[in-house]
Amino acid sequence: MSKILMKGNEAIAQAAINAGCQCYFGYPITPQNEIGEYMSSKMIEIGRTYISAESELAAVNMLIGAGSTGTLAMTSSSSCAIALMQEAISSMATAEIPGVIISVMRAGPGLGDITPSQADYFQSVKGGGNGDYRTIVLAPSTISEAVLLTQKSFYLAMKYRNPTMLLADGILGQMMEPVEMPEGNAFSTVNTDEWALDGTGEGAQKRDGRSLMSLHMGDDILERLNHRIFKKYAQIEEKEVMYENYLCDDADIIITAFGTVARVAKSAVNAAREKGIKVGLFRPITLWPFPSKELFATAKNKKCVLDIELNMGQMIQDVKIALNGSVPVEFFGKTGGAIINSSEIYNKILELSKEKQYGTNLAASI
Amino acid sequence: MEQTLQQVFKRPEPYKKNYNYPFCAGCGHGVVLRLIAEVLEELKIHTKTIATASVGCSINLDKFYNLDIVGADHGRAPCVATGVKRSKPDKIVFTYQGDGDAATIGFNELMHTALRGENITTICVNNTNFGMTGGQASATSILGQVTATTKNGRDPKISGYPAKISEMISNCDGAAFVARVAIFSPQSIIKAKAAIKKAFECQIKGLGFAFVEVIAACPTGWKLKPVQALEYIKNEVTKVHRLGIFKDFTESMA
Amino acid sequence: MSEIKIDKEKCKSCMICASVCPKGLIKLNNEHVNHAGNKYVEFVDKNNECLGCALCAMSCPDMAIYEVLK
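Residue numbers (our numbering), protein chains in the order written: chain S, 1 to 366; chain P, 367 to 620; chain F, 621 to 690.
Read the hints as simulated data drawn from the structure, not as lab findings.
Just to be clear, a hint being listed does not mean it is correct.
Simulated crosslink set (DSSO-like; lysine-lysine; CA at most 30 Å straight-line) [said to hold, decoys possible]: (1) F:K690 to P:K382; (2) P:K589 to F:K690; (3) F:K628 to P:K376; (4) P:K457 to S:K159.
Start from the sequences and build out the full structure, keeping to the hints where you can.
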């Protein structure tokens, strides 16, 4: 496949169009504005729906409307505005209405800063909205991967009738790089005939009315519903986990990182390997479902796991739960929109190898 | 003689066989919902209708309507309906909302849907309070109205003035039909039905946003007997929320 | 010779129907309640006075008056 030079945000938008996204609803917020700008012209050109909504609340609720009819649709936003969308995301989960949400993270808390961050791991993975539910969250580390995962988001959203989030950060949204852009949709179309709303129909097609509701009052109705939906979540956890294992087999130290940071960490791993330090990278691609079993197996008998994030330590909680005390966990992070570079990670690896004696062949190299 | 009798009233088609109205005695919702169902049946559109329920007593559509229904979060029904209509333009899409939903928490969404000229119909039951949560003051509560949160009557110095939604919606260029009707007598019910019918015809003709505000009783919230509540509408509420057709493009642009 | 049919199980005895009946043919049954625990109204038309105007059915918030024959 030939590559084209594209900005991350625009590549995500084009990938959605190629996936068959019929409706885009958005509201401007930095650092994801190029998605809405791209959609505003391209979607109209090809006769699809683009709406500049009055707020993120409106945009995500339009997504609910489109999703309820089984239509591929998406919205995009960033941190503090994704926060506004959470009531709707929770409702989508319980009403089992599909929809794709692109989240391009900026620094927080609050309005924070427009600089890149990974501080919305909790927001996207741990709910954000109220109640017992899960959002499928995919975290790309390159623009080409963002393209593929955008398309996969539509597929998973429809297949499981669940909100699905592509969690990128401001770096990925704003940078340009050569991208592989598949022509059509890389995934198959999911049949929605059994549940989507399109009117009760006439004649032989006539059926009873369907309802997709977020309110479930009455004796144990919600309890039974939640149990049924959690069976679906168990299936997702079983079938849809994605992760990358890089040079982990013989490693003493395993780095865990997602998104752009994982990409930076890979460079640091390579640099450390050149010095003879045995370090590997474990990168969750699905943040929910989190690759817990896979991480546990990968880190078995290792000396240490180093979790690196652009926040004060969020994914590290899932890392620790996955490892269940089997391996010591160290953390390195930056917050407030500061970016981590590979030499900082390399230095952290050296520190762990040398001072904390997690490395095996220290004498040889350092 | 029995055979010569004609059926002049029946339950409308779009209802479930064992429907359940979870409303209090004398609640205006029941009549408005029946009128909508009658209109859908008369216009022969109920089989291609997708309804949007909203938060409040208006959420219960799926308990009695045999229609396709999507539930919306607080105030967001016009947005959900927008998403439905844009993805299925050949379907008839309406929102069923209360004043707490449409005029209070969801006023922004309502106005912008009207401004976009979204080709949907919104029926807003205005009973000038938050009925489901126990009769607290809403944006449309009239001055002097006693509610759970205005125990001495709504005082503008404390809680401002009532929102007159139909007047405000009619100022939006995208709105093609705007009417305020009421449910307090058989005559007013006939007028209300005519307005609801026009609001759906407006959508069928693709003219833009159609809005009907129906002043209806909430005897429980108002702490009045059902028949007294109808008098309250006639004598008090409609003095503030004036009845009338504020905008009608269905004739001129048909 | 007209008549109305009342589903007493749906009735919540709001009495709106009785207030609009031009002939005063709808009465509250003060002795019994329905399964929902509500008092309910009855159609009492001993002299065949019902006009079949359907004002009662039109005003009934619960469609408890579910059919009018004229």
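Structure-based check of each hint:
Simply put, K690 (chain F) and K382 (chain P) have alpha-carbon atoms about 25 Å apart, close enough for the 30 Å limit, and the pair holds. For the hint pairing K589 (chain P) with K690 (chain F), the CA-to-CA distance comes to about 37 Å; that exceeds 30 Å, so the pair is violated. Taken as a hint, the K628 (chain F) and K376 (chain P) pair is honoured in the structure, with Cα atoms around 16 Å apart against an allowance of 30 Å. A hinted pair counts as satisfied when its Cα atoms are at most 30 Å apart, and K457 (chain P) with K159 (chain S) qualifies at roughly 24 Å.
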